[in-house]
Structure formats: C-alpha cells, structure tokens
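Enquirer: Generate the whole structure from the sequences, applying the supplied hints.
These protein sequences, in sequence, are chains A and B.
Here the first sequence is numbered in this note's numbering, starting from 14 and rising by one per residue.
Here the second sequence is numbered in this note's numbering, starting from -7 and rising by one per residue.
Calculated directly from the structure, the hints in this document are not laboratory data.
Do not rely on the hints blindly, as some may be mistaken.
Claimed, not checked - Short derived list, chain B residues pointing at chain A, Cβ under 10 Å: (1) Glu50; (2) Ile51; (3) Val57; (4) Ile300.
As the list claims (entries may be wrong) - Ranges of calculated distance between the beta carbons of each label pair, as one might list FRET restraints: (5) Lys91(B) with His228(A): 38 to 44 Å; (6) Arg25(B) with Ser232(A): 55 to 61 Å; (7) Ile275(A) with Lys263(B): 27 to 33 Å.
Unchecked claim - Derived pair list, reagent style DSS-like, types lysine-lysine, alpha-carbon separation capped at 30 Å: (8) Lys94(B) with Lys126(B); (9) Lys263(B) with Lys278(A); (10) Lys153(A) with Lys48(B); (11) Lys36(B) with Lys22(A); (12) Lys185(A) with Lys196(A); (13) Lys69(A) with Lys36(B); (14) Lys48(B) with Lys116(A); (15) Lys121(A) with Lys48(B); (16) Lys44(B) with Lys116(A); (17) Lys297(B) with Lys110(A); (18) Lys300(A) with Lys299(B); (19) Lys91(B) with Lys65(A); (20) Lys164(A) with Lys38(B); (21) Lys306(A) with Lys299(B); (22) Lys72(B) with Lys164(A); (23) Lys69(A) with Lys100(B).
As the structure is a prediction and not an experimental result, all values here were calculated from the model.
We treat Cβ as the ideally placed atom computed from N, Cα and C, and that holds for glycine.
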Amino acid sequence: MITDIEIMKYFEMLRTERKINIQDITEGIVSRRNYSRYVSGEIAINIETLSKLLAKIEVPLSEFSFYINNRITMENLEEQYFHALIRNEQYTKAYNKYYSKIKNKELKTIYAKRTIPLGIVLMKYKLGMLNKDEVILEMKKIMHLDEILRKKIVHDDDIESLYLYIRICSEKEKEKIATYLLKIILDKEYKIATCNYEICVTLAYLTLLTIMVNHSEKSKYERNLIEKVMNLALEFNSRAKAVNNDVLLFEILYKYIKRYEIENKYVVFYYIASILATEDPDFLDGKTFEITKEDIELYYECLSDEEFMSSAMYERIIDYDNL
Amino acid sequence: MITYKEYFQILDELRISNNMSVSELCEGVMSERTYFRNLHSNEKIKFSNFIKLLQKLEIGIAHFVIYAIHLRGEDTGVIKFVSRVQTKSFFDIKPIYEKVLKFNTDDKLFALVVKAFIKKYEYLIEKINKDEYKNELELMINQFDNDSPINIFEITIYSMYIELENKLEVNQIKEIINTLINMDLSLGYFYHLCSLDNLIFSLLDKNIIEDELMRSLIEKFQMAVRFISHKSFYLKNYLYTAYLNYLDKNESEMRKNLLLFATNHAIVNGKDVYELGKKKMKSLFNLDFDEFLKKESNKAFNLAKFKIIN
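Expert: Below, the structure is given as structure tokens:
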C-alpha cells in the first residue's frame, strides 16, 4: 500500500532532480508550512493540490502515476526477478537467489496479490517442500479462480497468475480458463489493461494454446480453432516482438506440425532461430530443445533464401486473410 | 489527456464494471456520502485515499491510467507511433500516424517530441527530404528554454538531430550524453530508451566520443533494456554489448553476442532495416553477416541447449 509519505517522497525526487526550490514550487498553491507537512506525512495531499504542484514541474498526474509505478518496480526488483524465474520454471534458482529477500517483506509490485504468492507455493511444491494436496490447497487460497474469470478488465497479475496456475490445476479448471481466455482474445467487451501489455497478451496466447494442444482428449478443441489462435498469436507477436516468449510459442507450433505431419520449413526455421536468438540464462538453464538433422538442413535452406531473409517478420507463416 | 477532475468518474466506471457496490468499496476508506460528493467534485480527495479505493478494486495506479488513457477510447496513439517509428516497423502505422497528426497537448516539450517523431517518419517514408527534416529539428531546438537540455524530451530531439546529421560541437554532444546518463529512467522511460539507442547507433562507428563515455552510454542502455521485452531493442543490446567485448578484446564473447544480434535481426527485421544492420556489422567488426550467421549457427548446434535426434 502506497502511503502519503511515499507519494510526497516521489514528488520530492522529481522536484530536486529539476533543481526547483520549495519557495518556487509552492508559490500560489500552498504555504511552505503545509508543504512541509505533506512531505512529513502529517497531512495528506489532495488530488487538486498534487496536480497543481506537478504542473509546476511540467509532469501530468497520469505521467506521475506511471512514475510511481516505475519507482516501485525499481525499488523492489527482487520481486520482479523472483517472478521472472518462476515464470521460466527456474525454481531452484528462484529459491536460492531471491526467496530469502522476499519471504518476509510486504510485496509491493503489480504481482503482489496473486502471482508472487502463487509462485512461492508452486516453487515449494516443485522443490519437494509441499505435496500435491498441500499445494492445491494453498493455491486455491490465493487464486479464487471464479473471481478472476468474472472480470472484464484484466491486469498483469490476473494473466501472469493464470499462466502459473495451469501448471498445477485440474483439467476442468484448465477448460474454464481456456474459455475465459478465448473471450479475452476474441470478445471486444473484454479489455486488457496491463503495464506489460506485450508480455501479458503473449502469455494469454501461450496459456490458451498450452491448454488446447495438451488436452488429454485430443479432439476436445477443433483444429480450426487451434490454428486460428496460433495465427492470431503469430500476428500479435510480429508486432509485439516479445523476447523469450517466441521460443515457447514456436515450441508449441513445432510440436503441432510434427504431430499432424504438416510440412512448414518456415516454422522450423523460426523455431531454431528463436532458440539461437535467446541466451537469457534465467530462461534457458537446464532446458533442451529437440530438433532433427533434417530441421537443421531446412534452417540452412532458409538462411540461403535471400528473399525470405529480407521479408517482414513471420510474413510467410501468417494467414493475413484469417485474422 | 485525462485531467484530475475525471479521475473519480473513471474510478466509478471501474467500480461498476467490477460489480462492486459503493458501500463495499468505501468500507474502511470513506463514507458513502463523501464518495458521492467526490464523484461530483473530486478536488479535495486525498490522493492516498484514491489509491486505497483503487486497491479495493484490485487496480494499481498505473493500471488505472492505462485504462483511462488507452481503453476509454482516448488513446492518442502516441506511444504506439513512437515505438513503430523508433523500430522502423511501418506495416500497420498509417491509421496511427493519421491519429497522431491530430494529437494536441498543452505540454510544449511533449508536443515538440511528438512532432519530431512525425517528421522522422515522414522523412523515412520520403514524404519530406533530409533538409526539410533537419530544418524542422533545428526549429524545435531553437524553441528550447535552456542551452543545456534538462528534459528527456529535449534530449530525445537532440538525439534525433545527432542521428540525422551531426552538426553539434563535440562538447555539446558530451554534455547531452552525460545529462542522459545521469537522468532518472522512471519518468519518460521509453524516450530514454529511444535517446540512448539513437545516440549509440549513430556514434558507434564515428570516433566522436571517447570509448569510456561510449561504454557508460551502452551500460545505461543495458540497464534500461531490462525493463522492456522487445526484440528490436534486445538485438541492439547484443550489438552494443559485442562492441564493448570488442573494446575489451574478448573475441569469444563478442562472437556470442553477435550471433544473438544476427539471429534476432534475421527474425525481426526486413528490407531496408535488415540491410542497415548487415552494413553496421561490417563497418564495426569487418564481418560478413550472412557468412557469420551460417558459421556461428553451425557451432551453436553443438551447444547443450540443442539435442539433435535422427
């Protein structure tokens, strides 16, 4: 929870960075004495006064709101790093590097309510500190799935937590999540209001595709629907150009074309290229990607195709007429 | 742009869409009477109380602004436009460009930086020529209040000017770089990233600033890039990091980073931008892009991350 003192701390950071003295900033708005009382937290600043003070340093209130959010992120990077490792299934590293730094602190970032608490429980399960019954119980205390699935405006914490939750929940719950995510992607009544828009939308696609292609009942989701979602995901990623997640997306596509014996050398090329283009140890550690010698030949064939190499991102694999 | 006067009305819209009653929302924060009074005139509401109400709706302050700006149909398109111009990704830019042309703001410097990106785009698609673009940037720079830039928007415009044709004194360039390096990234983050990218990419092979200053600039870019997940910026980061490896005479790291640059570049960029990246690799490292990519890919297939099966 952000406090009055913190709000003014962030304002003071901007004021001092701009080298504006208190007399100049308060002139015509508020007495110097009251300003000091705002800074000390003795009295709470109202929106109107804050907006006027911000106008003096040429920062709109909306930009100040982002600034507060960015500062909170930067001041709590251990939360961000812990979550990134959990997202990438690097549980041991998350435990060794960041768990001790976050376990007894008040979580502050946009992932504080569900994603990080869920990540902690998931990590404990994966590292053998909780059994399956315990982890399911703990996760249900945090998630309240139906509450999320009722929302028409989703945030980072909702999507990121669903991405973690499907690693442990039942197939029935996964189906409910898939139905919801289809609405998020296809129904204009649903809105994605996220700070990390590109990552969140990509994760929504990944979560949905993971559920659809891995369902125990092979015909549960029609191929037309799966391929439509894949096409939308590719088109989105050609604009978002998200790092790391393209490997996960192409891993799904690659396995899909192999499973249905679909020939598509460009999917093979992008799958291999996305792996080569990724070095993040917090993403890759311990991961291996299986490819065949024929795939490598297809990769080189594409590398030698000058026209393909200078084409726009995913141009040869997006079906633009079916978006 | 939303004003503080609309904040409470937007909060009430969010309350309704979250199916929460006024009494549920207000509990422990303020009386329902105060809530309704604020709805008609929110001038005296405490900012911290406003944040508390948002938190009861499970909405962070940044999410609130994103909703207010981007999802209430008030999206100006500026950030989308700036991002596309910076990464030269134009295939869906036309409607965004049309929208941004109508953009208006009282913030003089913000208006100028948006205009600078509009002119850069028009120059890149050859709607205006280089001299016209240069004159526009000079007119903007002449409107700055200070000789030394202190605002990120001013620095961004300078960085575009330097990128186009460097007519500034070396000392002035150094002053701009030093100001940028010492600035807080949290405000106007994306413009920081654009400025750093413009300055590094255009000065990297020019011998205008000392290696140590270039190193500081690249290190700031490396830090900034951690907060974005966009391949266009990551691939630049690999290129710039390879340059630092080159300065440090660390060839194996340099080749590793160049392979990351080359594969990302091959995935992301097409046509002119693709050719420009290949030329940059040649001028900085004297390496042929296509040959390098084939040779280094071959080596990479032996790494642990691949399991080759028959």
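Enquirer: Are the hints correct? Go through all of them and say.
Expert: Here's how the hints hold up against the structure:
1. Glu50: Because about 7 Å separates Glu50(B) from the closest Cβ in chain A, which is inside the 10 Å limit, the hint holds.
2. Ile51: Where the cut-off is 10 Å and the nearest Cβ of chain A is about 7 Å from Ile51(B), the hint holds.
3. Val57: holds, 5 Å
4. Ile300: holds, 6 Å
5. Lys91(B) with His228(A): 38 to 44 Å: holds, 41 Å
6. Arg25(B) with Ser232(A): 55 to 61 Å: With a Cβ separation near 58 Å, Arg25(B) and Ser232(A) satisfy 55 to 61 Å, so the hint holds.
7. Ile275(A) with Lys263(B): 27 to 33 Å: holds, 28 Å
8. Lys94(B) with Lys126(B): Judged against 30 Å, a Cα distance of about 22 Å means the pair holds.
9. Lys263(B) with Lys278(A): holds, 21 Å
10. Lys153(A) with Lys48(B): Holds, at about 20 Å.
11. Lys36(B) with Lys22(A): holds, 20 Å
12. Lys185(A) with Lys196(A): At roughly 17 Å apart (the allowed maximum being 30 Å), Lys196(A) and Lys185(A) satisfy the hint.
13. Lys69(A) with Lys36(B): OK: Lys69(A) and Lys36(B) at ~19 Å, within 30 Å.
14. Lys48(B) with Lys116(A): Distance of about 24 Å is within 30 Å: holds.
15. Lys121(A) with Lys48(B): holds, 15 Å
16. Lys44(B) with Lys116(A): Holds, at roughly 24 Å.
17. Lys297(B) with Lys110(A): holds, 23 Å
18. Lys300(A) with Lys299(B): Holds, at roughly 10 Å.
19. Lys91(B) with Lys65(A): holds, 29 Å
20. Lys164(A) with Lys38(B): With a Cα-Cα distance of about 27 Å, the restraint between Lys164(A) and Lys38(B) holds, given a limit of 30 Å.
21. Lys306(A) with Lys299(B): holds, 10 Å
22. Lys72(B) with Lys164(A): holds, 26 Å
23. Lys69(A) with Lys100(B): The given pair, whose Cα atoms are some 13 Å apart, holds under the 30 Å limit.
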